[in-house]
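Chemist: Fit chain B to the given chain A structure using the hints.
2 protein chains.
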Amino acid sequence: MRLSRFHLRTTKETPADAELVSHRLMLRAGMIRKLASGLYTWSPLGLRVLRKVEAIVREEMDRAGAVEMQMPTIQPRELWQESGRWEKFGDQLLKIKDRKEAEYCYSPTAEEAVTDFARQELSSYKQLPVNFYQIQTKFRDEIRPRFGVMRAREFLMKDAYSFHITNEDLVREYRNMHAAYSRVFSRLGLDFRAVQADSGAIGGDASQEFHVLADSGEDAIAFSTGSDYAANVETAQAAAPGPRPAAGEDMRKVATPTQKTCEEVAALLGIALQRTVKSVALMTDDGFVLALVRGDHMVNEIKLAKVPGLADYRLASEAEIAEYLGSEPGFLGPLNAIKPIRVVADRDVAAMADFVVGANERGFHIAGVNWARDLPEPDRVADIRNVVEGERAQDGGQIRIVRGIEVGHVFQLGRKYSESMQFTVLDENGKAAVPAMGCYGIGISRIVAAAIEQNHDDNGIIWPEPMAPWTVAICTINPKGDAAVNDAAQQLFDELQAAGIDAVMDDRGLRPGPMFADIELIGIPHRIVVSERGLAAGAFEYRARRAENAENLSREQLLARLAG
Amino acid sequence: MRLSRFHLRTTKETPADAELVSHRLMLRAGMIRKLASGLYTWSPLGLRVLRKVEAIVREEMDRAGAVEMQMPTIQPRELWQESGRWEKFGDQLLKIKDRKEAEYCYSPTAEEAVTDFARQELSSYKQLPVNFYQIQTKFRDEIRPRFGVMRAREFLMKDAYSFHITNEDLVREYRNMHAAYSRVFSRLGLDFRAVQADSGAIGGDASQEFHVLADSGEDAIAFSTGSDYAANVETAQAAAPGPRPAAGEDMRKVATPTQKTCEEVAALLGIALQRTVKSVALMTDDGFVLALVRGDHMVNEIKLAKVPGLADYRLASEAEIAEYLGSEPGFLGPLNAIKPIRVVADRDVAAMADFVVGANERGFHIAGVNWARDLPEPDRVADIRNVVEGERAQDGGQIRIVRGIEVGHVFQLGRKYSESMQFTVLDENGKAAVPAMGCYGIGISRIVAAAIEQNHDDNGIIWPEPMAPWTVAICTINPKGDAAVNDAAQQLFDELQAAGIDAVMDDRGLRPGPMFADIELIGIPHRIVVSERGLAAGAFEYRARRAENAENLSREQLLARLAG
Chain A
1 MRLSRFHLRT
11 TKETPADAEL
21 VSHRLMLRAG
31 MIRKLASGLY
41 TWSPLGLRVL
51 RKVEAIVREE
61 MDRAGAVEMQ
71 MPTIQPRELW
81 QESGRWEKFG
91 DQLLKIKDRK
101 EAEYCYSPTA
111 EEAVTDFARQ
121 ELSSYKQLPV
131 NFYQIQTKFR
141 DEIRPRFGVM
151 RAREFLMKDA
161 YSFHITNEDL
171 VREYRNMHAA
181 YSRVFSRLGL
191 DFRAVQADSG
201 AIGGDASQEF
211 HVLADSGEDA
221 IAFSTGSDYA
231 ANVETAQAAA
241 PGPRPAAGED
251 MRKVATPTQK
261 TCEEVAALLG
271 IALQRTVKSV
281 ALMTDDGFVL
291 ALVRGDHMVN
301 EIKLAKVPGL
311 ADYRLASEAE
321 IAEYLGSEPG
331 FLGPLNAIKP
341 IRVVADRDVA
351 AMADFVVGAN
361 ERGFHIAGVN
371 WARDLPEPDR
381 VADIRNVVEG
391 ERAQDGGQIR
401 IVRGIEVGHV
411 FQLGRKYSES
421 MQFTVLDENG
431 KAAVPAMGCY
441 GIGISRIVAA
451 AIEQNHDDNG
461 IIWPEPMAPW
471 TVAICTINPK
481 GDAAVNDAAQ
491 QLFDELQAAG
501 IDAVMDDRGL
511 RPGPMFADIE
521 LIGIPHRIVV
531 SERGLAAGAF
541 EYRARRAENA
551 ENLSREQLLA
561 RLAG
Chain B
1 MRLSRFHLRT
11 TKETPADAEL
21 VSHRLMLRAG
31 MIRKLASGLY
41 TWSPLGLRVL
51 RKVEAIVREE
61 MDRAGAVEMQ
71 MPTIQPRELW
81 QESGRWEKFG
91 DQLLKIKDRK
101 EAEYCYSPTA
111 EEAVTDFARQ
121 ELSSYKQLPV
131 NFYQIQTKFR
141 DEIRPRFGVM
151 RAREFLMKDA
161 YSFHITNEDL
171 VREYRNMHAA
181 YSRVFSRLGL
191 DFRAVQADSG
201 AIGGDASQEF
211 HVLADSGEDA
221 IAFSTGSDYA
231 ANVETAQAAA
241 PGPRPAAGED
251 MRKVATPTQK
261 TCEEVAALLG
271 IALQRTVKSV
281 ALMTDDGFVL
291 ALVRGDHMVN
301 EIKLAKVPGL
311 ADYRLASEAE
321 IAEYLGSEPG
331 FLGPLNAIKP
341 IRVVADRDVA
351 AMADFVVGAN
361 ERGFHIAGVN
371 WARDLPEPDR
381 VADIRNVVEG
391 ERAQDGGQIR
401 IVRGIEVGHV
411 FQLGRKYSES
421 MQFTVLDENG
431 KAAVPAMGCY
441 GIGISRIVAA
451 AIEQNHDDNG
461 IIWPEPMAPW
471 TVAICTINPK
481 GDAAVNDAAQ
491 QLFDELQAAG
501 IDAVMDDRGL
511 RPGPMFADIE
521 LIGIPHRIVV
531 SERGLAAGAF
541 EYRARRAENA
551 ENLSREQLLA
561 RLAG
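Note that the protein sequences, when read in sequence, are chains A and B.
Numbering-wise, the first sequence is residues 1 to 564 according to the numbering used here.
Numbering-wise, the second sequence is residues 1 to 564 according to the numbering used here.
Hints were generated in silico from the structure; no laboratory data involved.
One or more hints might be untrue.
Note: identical chains are not told apart, hence a pair may lie in one copy or across any two.
[Unchecked claim] Once the Cα atoms are required to be at most 27 Å apart in a straight line, the calculated DSS-like pairs of lysine-lysine come out as: (1) Lys416 <-> Lys95; (2) Lys88 <-> Lys100; (3) Lys34 <-> Lys97; (4) Lys126 <-> Lys97; (5) Lys34 <-> Lys95; (6) Lys12 <-> Lys431; (7) Lys306 <-> Lys88; (8) Lys306 <-> Lys95; (9) Lys95 <-> Lys480; (10) Lys253 <-> Lys52; (11) Lys306 <-> Lys416; (12) Lys97 <-> Lys303; (13) Lys126 <-> Lys431; (14) Lys416 <-> Lys88; (15) Lys306 <-> Lys52; (16) Lys88 <-> Lys480; (17) Lys12 <-> Lys34; (18) Lys416 <-> Lys303; (19) Lys88 <-> Lys34.
The structure presented is a predicted model; accordingly, all values stated were derived computationally and were not measured.
Same shape as in the complex, but just chain A (with noise of 0.2 Å):
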């Protein structure tokens, strides 16, 4: 390719609403333009890069034994109503009514159609499992589409559904589109992680997020350097504590007058915030509940709400924590309450000693308690604490917590579609039996965003190779005037095409500075420099995108670093 022959147009400066650094450089290096909101035209430019991501998308769908095929972007009311989602959607799907007033809606996923065309495809026990999966437009009427790509309107995601007699083989399924998903995200050349979104419907984990990792994620993800284990810190199991110490101080009633917050008790005591314990105030249906977290730690919500009788908790009030332990906030702790409660610690709480906790009286804590000693054990122990950077891991690692972007999601449906829209095989008996379903999703246009996030420097994109619109870009230096330049540049080109290298010539006659700055903005991996005074000296200069300078380079030892 000649950029002479293509369409590039660069910019400097970007609309005041692109917040993301990609939203930014994709603009800048004229990837997308938009067409209204959450609408974005993808130029030649950014439409290479969207297909190299779709080819291998597809090159891996297809290397696990999906069988590609592709379902109407618009489909009829009736088929959403089945499942119930035409209202339960909400105001995401785009709803249509054509001349004749039949409704549709513009799909922004499409478990329905696809058991709808599964019903009218499968017929027996014989003809599964199928993975069905198609690379498809969609639409979700954002309330506040933002961020360009990454959250548009309209957008190109590869959607998978597979069908199962099975449960085992739903799992066996998800496994598979697991792997395959690890391969995409590994050969795209991208830092990423699989996070566990959830747990227990079908099978183990029975839904997961594939994240590429950037500082601008909108989603904290805690993984461990022991191993493969990262979950959203929503999720994130801490790992257990070890034996809970012997006694070791007298306990003791502190007066601290001003001081509520375990930071701030602790500052005063002259102790570690770790021997401090921060007590939470519950109400549910069965009474008044005190949480326990150490004082360096955060309560999660989440894993709270999981624990045994406290599935409808809400946190008390003022009158409620003065009815049950005759106190008020800044100074809770559990002992001294005026009525029975029942105390749910966290497991690292659980295994401490010599602790301090509020006295559940006006400006004093108590110092040195420890359980079974000075208060019965808790009712309940379990893990209801965010885990923190740097914490050891389950495995023995550490946990890690970084940012990430979701660019897929695979997911165990079990039943809820085929159910929902009658969709039954006869089994090996010749009985009815309503197929178990997996969804597995990707959004192609969104991981050139994030690629974007994850790779770029002031200068611009620095997309991983796999990506890249081109791997190579052949600077010429006035090929118009000098034809030796603008040979030699051909043979090269030349060579690296039938090397299987994918080059682009700038031809385009541009000075050195503008042409190298609109190459490095567009994120090109390796630069070449075809020029006179390089010819005279028999060398070609060479430059990696994210290299510091360039260098000299002969015919041989170019073609074998690019090989390489």
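Modeler: Positioned in the frame of chain A, the structure of chain B alone reads:
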């Protein structure tokens, strides 16, 4: 590919509303399934064909220098109002309101969106010419969707739009696209014609349609056996006739008491129909006109309206005929008018001698009529008739009339959109210039149906090789019970793959009858049978889809045949 790992589901029955053979065969082969009126899911089998067509279109567009990009399917009302098409497009335009009550449409074509993109991207003549194309889903809200994907509401289209400083450059690109389209349809292996759709607007033939020829086609097309000339029957030009023979008969009045049509008069007189002349009475703002065509010809209304003075013509009433000719229909002619009339003669009529016309008197015609001798030369001579099958064409060939399905269109748009949307670039002199535009469409999904209309028999589809889901089917007899058969089939499959031949192995374990029926129905061009008996004899049974009988070939013969 092994069919056991694919998803294939053929059926015997088709719905009553499937009128076209392509619709029936696509349903029977399981290529498509209906989701709703005019909305079809492409099964894995159907999508393979669609993607093969798409790939060939993309390759030829790229080769022709067009650059691919992609516009949203959902486009804002404001843009369509700029061109005036929001109101003018009619009910085929699917209009949509989003959650904020803003109005959009589902793109049926993208002149507005591409012009908006161009005016953001292009500012100088140096960036022109450029030809942007996309392969993207379109929607037209047909009032009566039918014929399967032939006239679906949602369909796949390749649409291209070029921009030029001069009309000459537009004409150059128009010809370039015309050539690219010819390559596309040739490579697809289809019998097609480029048909003149209109003429004159900007450069030469300003608009041409590409038709796949098939008996079921909606349009009648006239083409010449002597050149590339082809046109819709309504616009096809008749060849100029030879010189007028000398008069040989005396003029005489003949009694035709009940004979009103040329056929009846010719039969009564015992002469060839070609010696009679049909008179058609017209009124215009400038008075009465008698249009004359030969008795065996049909007046062409479109050509008639192009004759100077006839732009506003209508058929004359019986009262007007009585007023000007003093006669009643069935006996009209150019002689003996009672008020002044103009005579417009088809070129063939002007070249006749000794012909028969109505006498303008009930029950009589006049025979042996000759121009100049018996009546003045016609006021105007023009081509005002439909061409007919078998006549001599302008280029010396013969006219053939066939039916066609429109699958492509190239069009010199001119400045309609760039002007209404105020798109200018700076020309060489630094002045604002409004670029000329061309647009070029190919109906990708429609091509699939059109190819079937052209290529099928009682047993099913007969794919041209470049469009076939697979080129070769290897049918294995008892593959589960016979390891030798399975191994031999796998080895053959590997050899074909190594030779770049797209093969599928039918390892579903069906009995030969149903298996062969499936393979014929889905139209695979080459079928090979691997069986125990064949292996014992050292032969493979081979049959081309169009062949009457199978033949036994050795491995070497088989590979040579398929490579040929």
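Chemist: Take the hints in turn and mark each one as holding or not.
Modeler: Status of each hint after checking the structure:
no.: 1; hint: Lys416 <-> Lys95; verdict: within (23 Å within a copy, 33 Å between copies)
no.: 2; hint: Lys88 <-> Lys100; verdict: both (25 Å within a copy, 19 Å between copies)
no.: 3; hint: Lys34 <-> Lys97; verdict: both (26 Å within a copy, 19 Å between copies)
no.: 4; hint: Lys126 <-> Lys97; verdict: neither (39 Å within a copy, 44 Å between copies)
no.: 5; hint: Lys34 <-> Lys95; verdict: both (23 Å within a copy, 20 Å between copies)
no.: 6; hint: Lys12 <-> Lys431; verdict: between (66 Å within a copy, 24 Å between copies)
no.: 7; hint: Lys306 <-> Lys88; verdict: within (25 Å within a copy, 60 Å between copies)
no.: 8; hint: Lys306 <-> Lys95; verdict: neither (37 Å within a copy, 47 Å between copies)
no.: 9; hint: Lys95 <-> Lys480; verdict: neither (55 Å within a copy, 50 Å between copies)
no.: 10; hint: Lys253 <-> Lys52; verdict: neither (68 Å within a copy, 82 Å between copies)
no.: 11; hint: Lys306 <-> Lys416; verdict: within (23 Å within a copy, 65 Å between copies)
no.: 12; hint: Lys97 <-> Lys303; verdict: neither (44 Å within a copy, 41 Å between copies)
no.: 13; hint: Lys126 <-> Lys431; verdict: within (13 Å within a copy, 70 Å between copies)
no.: 14; hint: Lys416 <-> Lys88; verdict: within (14 Å within a copy, 45 Å between copies)
no.: 15; hint: Lys306 <-> Lys52; verdict: neither (43 Å within a copy, 52 Å between copies)
no.: 16; hint: Lys88 <-> Lys480; verdict: neither (62 Å within a copy, 48 Å between copies)
no.: 17; hint: Lys12 <-> Lys34; verdict: within (16 Å within a copy, 48 Å between copies)
no.: 18; hint: Lys416 <-> Lys303; verdict: within (26 Å within a copy, 63 Å between copies)
no.: 19; hint: Lys88 <-> Lys34; verdict: between (30 Å within a copy, 25 Å between copies)
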